[in-house]
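> Based on these hints, arrange chain X on the given structure of chain V.
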Amino acid sequence: MDSHISVWTDVGHLNDIPRLGSRVVTTPAIDIALFRTADDRVFALHDMCPHKAGKLSQGIIHGESVTCPLHNWVIGLPDGKAKEPEEGCARTVPVRLENGRILLAVGGA
Amino acid sequence: MNMIAPRRSRLVLVGNGMAGVRALEEILSRAPHEFAITVFGAEPHGNYNRIMLSPVLAGEKTFEAITTHPGSWYKENGIELIAGEPVAGIDREAKTVTGEFGTTRPYDVLLLATGSNPVIIPLPGHKLPGVIGFRDIADVETMLAASKSGTRAVVIGGGLLGLEAANGLARNGMDTTVLHIMPTLMERQLDPVSAGLLKADLGNRGIKVITEANTKIILGEDRVEGVQLAGGTHLPASIVVMAAGIRPNIALAKEAGLTCGRGIQVDDAMVTSDPAIYAVGECVEHRGALFGLVAPLYEMAKIVADRITKTADSDYIPAVTGTRLKVTGIDMFSAGDFMGDENTDDVVFRDAARGIHKKLVIRDDKLIGAVLYGEARDSAWYFDMIRNGTDISALRDTLVFGPSAGNSGEAAGVESLPDTAEICGCNGVSKGTILAAIGKHKLTTADQVRSRTKASASCGSCTCQVESLLALALGGDYDATPKVKPVCKCTAAGHDAVRAAILDRRLKTIPAVMDAMGWTASDGCASCRPALNYYLLCAWPGEYVDDSRSRFVNERMHANIQKDGTYSVVPRMWGGVTSSAELRAIADVVDKHQIPTVKVTGGQRIDLLGVRKEQLPDVWRDLNAAGMVSGHAYGKALRTVKTCVGSEWCRFGTQDSTAMGVALERMTWGSWTPHKTKMAVSGCPRNCAEATIKDFGVIATDAGWDLYVAGNGGIEVRVTDLLAKVTTKDEVLEYAAAFMQLYREEAWYLDRTAPWVERVGIDYVRTRLSDAGGRKLLQARFMDSQRFAQDDPWADRAAGADAHEFSTLASVE
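Protein chains in written order, with the working numbering: chain V, 1 to 109; chain X, 110 to 922.
With the rest of the complex left out, here is chain V (with noise of 0.2 Å):
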């Protein structure tokens, strides 16, 4: 394997993340958060909301957004961005789907 392919990391099956639900991948700095949308994409944010590190691993995920449980943020998935009039940005991870598997771009970045 090359270097560039070692970054990912096999996490899960899909099927492990219910839809329209949301699953935590811890790491010793961050903790992950992974999402399933209704259509079975996935993706992946730091588990923190940008106003008050709410985790967004506990919100309704709706559409590409989830909303964040403490105080109702909606954050976009694939840019992390929180929706008007919010102003704020979850980190986003790179994720990707193989054959129902999910790779996230962990370890090595």
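In short, the hints are calculated from the structure, not lab data.
Some clues are possibly wrong.
[As the list claims (entries may be wrong)] Calculated pairs, EDC-like style, for lysine to aspartate or glutamate (alpha carbon to alpha carbon, straight line, at most 16 Å):
no., chain 1, residue 1, chain 2, residue 2
1, V, 52, X, 673
2, V, 81, V, 64
3, X, 598, V, 79
4, X, 722, X, 673
Okay, now just chain X, sitting in the frame of chain V:
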């Protein structure tokens, strides 16, 4: 060991009309439990809004619509209503009141509100059938019946009441003639010019007016057939309405030896010559004046309530009153001294083509009277100046053009009124009060303003000003057509429409509802999904499968998320009762799982704070093992039933409030509701369990249980309304279940009971629950739903359900 409760003071009200009942409302709002109240009423029904009889006669409203206090209102407030029995006498020595059929009630305080009678002019023939006054619903029914069989009507008297009667009769297809003895109509409210305009307007409506008409004889053999005037004119009529004024009904007071002039004489505290007897309304004479409009009566009601309940030493001070004619399409207003004298100036505006006449009377740079005919939209602005004695010297040039003088456009004028300006004359509600209510309670319709402030709730003539204030406060958001608040931004459909569609079209999943109701976002949003999930759960108990993805985190995790992402755990303590075994088990759980904080909650339970997500199933398993289940402290659900110790221990307790609380909690736990629901049971009126700020509160009395609903102790404190008084434990449970189910089925998601009841009105809730059949059906649906709701969610999860919620997907080093 029960203490004997002190005897409540006995208050007897004679006269079940607007003034008397308003006084009772004012008294109840100040001292809900202080008096045992009896009402004697001559009419055989509850109280209605007498000034709305004209619209009933005109076919614009029904009698039901003007009934303000149905029989259930008296029952629910614990008031004994003796309807249909006029009072025969008062024994001031014995302090008793006796009705014509012999019913006798003792009093400590007696309130007379006997009102007035129409003046029936003793013309020959005045006792013939078909000659009536215009005073009560029976008169209206007589007029309506006459309009079906006859074709011609005569109204004697061209004042406010006579013209409203004439308008109603004409609207019912009768050929109507008004006979007025004075040269101009409504001479006590209108100057001759506007009276002339009014006469022409009435003529256009087919109402003939004969002024300076001197009626000589009422003709007829067995019943009225017509009238004959002094000049010999003969007018056929199948009904003659006498509206020649009213006379205070003082016979009873006089008989009892109270000092009477033209009315029952009262001082500024509304006390008659007997210090135990008060009087309010049209029957009184105060500083030599009599009263016939509603605003002063309501003001008297406040004063008498302050005095009887000893809450304030307020005095009745006569104020200027304004008058409107309730004839649809005729816009007029009159207030103060509109005739003037040699020391006053008149400012007059006239637009004959449009039928507009305005006359302002000014003395010493102050407006002292006004008549507005044809266009009265600025009446509140002028009325405010008259009442406040505002110096108008700077405004004088443009005064007659109203507050928006010089501005183009259609400004309605309310924006230029000061906050103190009175909008609703009947109920004394100012602009500031209305705006404050709109802002504070987020009101969006005139109906909401009416139920919150009483503005426009009586004669209704200020409705357009109330609507203007809504438009002013809400800007472009206000639409006078009844407005539906959408569930969220994903749809235009309102909550009620969605709930109705779920039932009518048998929609059983969230996508089915979204599809049927035209949702714009395919999986909705964080606002609508929890609402739909709840509505479906409520509509299809046992059938709908709860969608955990549409649950807010706390309800999905069955614990309360804290700001650091940990959770708090609150086990149920039935009725706030615990034991050494439970406390020991809780202590062991705290030690074993190293839970950082243990806190006693306001709902009489114990909160374990700082539990990590992955610890939750183990913590629950250990609590389950000691017999404890979820307290649903995290849910829009039945939370706690707070109790005091009651008669089992307390020297004041009258009933076993703790056992009642446990029974209520055993029955209702596990139920999902539109928002969180809290109950409390107090064992005596000292109310140590604070039942009067709960969604459902129970207070024990010697006689049974008083049930209260829709209280709230949160951001906006709201004291409960009395729902009913019952005697048995089964009745308490029945009402509680029925109330819960009505709330579950009809409130909007995230409505606490308080705003829900504010919106639909406590009378609606009382009506629904006072009907035994309907109540039992609601109870049955609640109990059916509970069969599927009373599973401990903690036990399920401790046994492995939803394990993915409590574990991480992976750990990456």
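> Is residue 598(X) close enough to residue 79(V), meaning Cα to Cα at most 16 Å?
It is violated: about 22 Å lies between the C-alpha atoms, which goes past 16 Å.
> Does residue 673(X) sit within 16 Å of residue 52(V), going by the straight-line distance between their CA atoms?
The hint holds at about 9 Å.
> Within 16 Å, alpha carbon to alpha carbon, are residue 81(V) and residue 64(V)?
holds (11 Å)
> Is the straight-line distance between the alpha-carbon of residue 722(X) and that of residue 673(X) 16 Å or less?
Holds, because 11 Å separates the two Cα atoms, which is no more than 16 Å.
Checked against the numbered hints given earlier, this structure breaks only hint 3.
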